[in-house]
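Chain residues, written in single-letter form:
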Amino acid sequence: MHTQAPTPCSALDGILQHHGHRPTELLQILINAQQLEGWLPAPTLTYLARALHLPRARVEGVAGFYSFLYTRPAGRFRVLFSDNITDRMLGNAELMDALCRKLWIEPGKLSEDGLVSIDATSCTGLCDQGPAMLVNGRAIGQLNHRRINEIAELIRQQRPLAQWPSEYFHIDDNIRRRDALLNLDMKPGAALASAIARGRAGWLAEMQASNLRGRGGAGFATAVKWSSARNAPGEPKVIVCNADEGEPGTFKDRVLLNTYADLVFEGMTLAAWAVGASEGFLYLRGEYSHLLPQLEAVLARRRAEGLLGMRILHEPGFDFDIRIHLGAGAYVCGEESALIESLEGKRGTPRIRPPFPVTCGYLGRPTVVNNVETLAKTCLIALQGGEAFAATGTAQSAGTKLLSISGDCAAPGIYEYPFGVSIARVLEDCGASDTQAVQVGGASGICLAGYEFQRRIAYEDVPTAGAFMIFDGTRDLFEVARSFVHFFTHESCGFCTPCRVGTALLKGFMDKLADGHGAQADLADIDWLDRLLKNASHCGLGSAAPNPVIDTLQKFRPAYERRLVSLDFEPAFDLDAALAEARQLTARDDPGAHLHTHEEGTS
Amino acid sequence: MSKQFLLDGQPVPFEDGQSILEAARKAGHYIPSLCWHKDFPAHGSCKLCIVKAAGRHVSACATPAKEGWEVESNTPEMNGERRALLQMLFVEGNHFCPSCEKSGSCELQALGYEYEMLTSRFRHFYPDRPVDASHPDVLLDFNRCIFCELCVRASRDVDGKSVFALTGRGINKHLVVNAESGRLADTDFSKDDLAAHICPVGVILHKGPGFAVPIGERTYDAASIRSQKLKEEES
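Sequence order for the protein chains is A and B. Read in order, the letters of the first sequence are residues 1 to 603 in my numbering. Read in order, the letters of the second sequence are residues 1 to 235 in my numbering.
If you are wondering where the hints come from, they were derived from the structure by calculation, not from laboratory data. Beta carbons: idealized from backbone N, C-alpha and C, even for Gly. Treat the hints with caution; some may be incorrect.
Using 27 Å as the maximum straight-line C-alpha spacing, the simulated DSS-like pairs for lysine-lysine come out as follows [as the list claims (entries may be wrong)]:
1) B:Lys207 with A:Lys534
2) B:Lys52 with B:Lys207
3) B:Lys52 with B:Lys161
4) B:Lys161 with B:Lys207
5) B:Lys231 with A:Lys346
6) A:Lys346 with B:Lys26
7) B:Lys26 with B:Lys66
8) B:Lys66 with B:Lys231
9) B:Lys231 with B:Lys161
10) B:Lys52 with B:Lys66
11) B:Lys191 with B:Lys52
12) B:Lys52 with A:Lys534
To be clear about the criterion: a stretch of chain B counts as covered by chain A if any three or more of its residues have a C-beta under 8 Å from a C-beta of chain A, and this derived list gives those stretches [what the hints assert, rightly or not]:
13) 11-19
14) 78-86
15) 109-117
16) 133-142
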């Protein structure tokens, strides 16, 4: 039995002190408090609520929202296997099974001695070096059976993570193709000096001339966002860098933050100069917490160099600083209004819009939320001018795009291309062969079949936040779509009816087909659910959730149809499966312990 | 001259800032809702008020009306989507109308009738949601919760107590009360709170005499939810 030792209040007081007893820091406080015991016991939540003058129920509400916060005992070693389709293609299920067997535990359950718990989690952004896992939040890639054996041994010996071989935690950038951004070797402050010389209005005019559009997928004009926030009443204004890179298959922001952090922070500061903002946040997804120490070091250096803080580059009235806010396993926080809720220490539920964050964002103040790559690109514009930037790419998509390439190809990693590059060209460059389909833009993106490989990466053709997952002829596109449906069901915030219930229903239908109980009537119901999710959902998560199913049903229908057992109707209830518990209790699994509800076809 | 939009071809006047739903109800046109309440800001979670405005699906409660808009609401398409949303709410919880004290006065049930929901269509989830009978005056039957958050909002914004909150995520989202024990009896909840009287379904039930109103005299026995809600609007 796991005994519940009371958390020392002095440790909690220290955490509260560090965060200034600010309720807006609730999520950060909970993340830190969890590090004390590996989970958040009920008395800890009560103590924190009282200290922050918040209703306890609200604290419990927040703690229950984020996947990486545990309100029930979790292992001293908490192992989470990344479960993107690319991890599955690299055999993560077998590795997870092997680790569970070695440690004598079941997935999702805590070992009896409280030592270890093993479960799956959404894509951790190591698709180019998977299969991947998180151990107590630390990312490990390139898993194989040997490494799993070693990890089992380390856990059994209760060896602290700090004593694990450091090469486990080594994460590669895997940059395969460089263009304007990744070739940029900028002295920190150079872009800022150039923008300051132009004046705030002059700098915004450069941004307008550049036609830069948001790299997070939606493609909204960055200069329009900036000038809306600049003109909106309310102070102090806020710049948020959205590094909650949760879209399955995307990992370019991880590489930018790892190796080009100065460009990202300088981009935020450039935004602050244009908007007149004084407060900045980097919202870093929990999966990337390994980057935290080095990012804090970059911020400290920039403060020392006069690139952050009061009177930046000696410019009177140009005060701006950046704080890092960690996420805790919630894809929906990539949606900008949900991200702002999370920044305020709340559940990451998307807000009703309008009002938009540019007028009413963080604590009701004008707030710009930009993607990591978007902000890094602004350095190019400051250095080379808006027109030079606009001259690259295509008519409606200026500049370059970073692609996160994974799946069936010889060289997965980061590729930077000018907008307008064809799918076929990308496939050739990364060494993909016998390609059946490409999922562009992640789970919420678009699935392209062979006849579409001449299409181009650009807002006017195939828009993308950067994910590019490749599936060769051996892959089953139904299973690809099913894994994405599981992802959306897990990540739905549950606010609106269509997404909360609809994604769970869709998962049920896909699992029914996978279990061999599908019928034609199910395809009609799937179709109807797809439309309802698209039409009625509160935010982009719900309306994008059916995309993988819609695309694959249209382009790879045989992958669904070969799973149908009859042409009309088949119940979801499986009598034989319902007897599983009886079999387990009687320790029987022989043929006589099974019912055969339909003919298997004997030979 | 007041501004107006067209709702299913009928002109509806509105004032700036008014939502499609508010303007429509004021003008005597019913758009259904579960999470909307005239005394609270729009919530937009149940999605039953979904309409098509200028060709786009929007929540009527959360969308400010615009001059000249053509809004579709009482059409086979929109009512079909509403019926599906109701079916979702029914299968997600455990709704056994015949044994529920709120039967006949329940908005979810009334809307099921209004939108001719004959079957639950989808598979039932049968969630495990234990009842909380700890409080001397009030019983909480979470099986019927539709997550409209009216009790959450009433307790927080009017009663000043924050007795209720939501935790969990997605299909596992659920209501909790403001006590470490998780029991309503250990909160400062009172049967006189606004939150004790605002649940549109049968989660928050008062103890004491049960099933006091005979069948035939319950809220939606005599008149449909459509006419009842429009009558409330006039008073």
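Quick rundown of the hints versus the structure:
1. B:Lys207 with A:Lys534: Between Lys207 (chain B) and Lys534 (chain A) the Cα gap is close to 42 Å, so the pair fails against 27 Å, i.e. violated.
2. B:Lys52 with B:Lys207: Status violated; Cα separation ~42 Å.
3. B:Lys52 with B:Lys161: violated (38 Å)
4. B:Lys161 with B:Lys207: Distance of about 21 Å is within 27 Å: holds.
5. B:Lys231 with A:Lys346: violated (38 Å)
6. A:Lys346 with B:Lys26: violated (35 Å)
7. B:Lys26 with B:Lys66: At roughly 16 Å apart (the allowed maximum being 27 Å), Lys66 (chain B) and Lys26 (chain B) satisfy the hint.
8. B:Lys66 with B:Lys231: With Cα atoms ~25 Å apart, Lys66 (chain B) and Lys231 (chain B) stay inside 27 Å; holds.
9. B:Lys231 with B:Lys161: This hinted pair is violated, its Cα atoms lying about 31 Å apart.
10. B:Lys52 with B:Lys66: holds (13 Å)
11. B:Lys191 with B:Lys52: It is violated: about 40 Å lies between the C-alpha atoms, which goes past 27 Å.
12. B:Lys52 with A:Lys534: holds (13 Å)
13. 11-19: With 0 residues close enough to chain A, the hint is violated.
14. 78-86: holds (count 3)
15. 109-117: violated (count 0)
16. 133-142: It is violated, with 0 qualifying residues against the three required.
Figure legend: structure checked against the earlier numbered hints; hints not met, in rising order: 1, 2, 3, 5, 6, 9, 11, 13, 15, 16.
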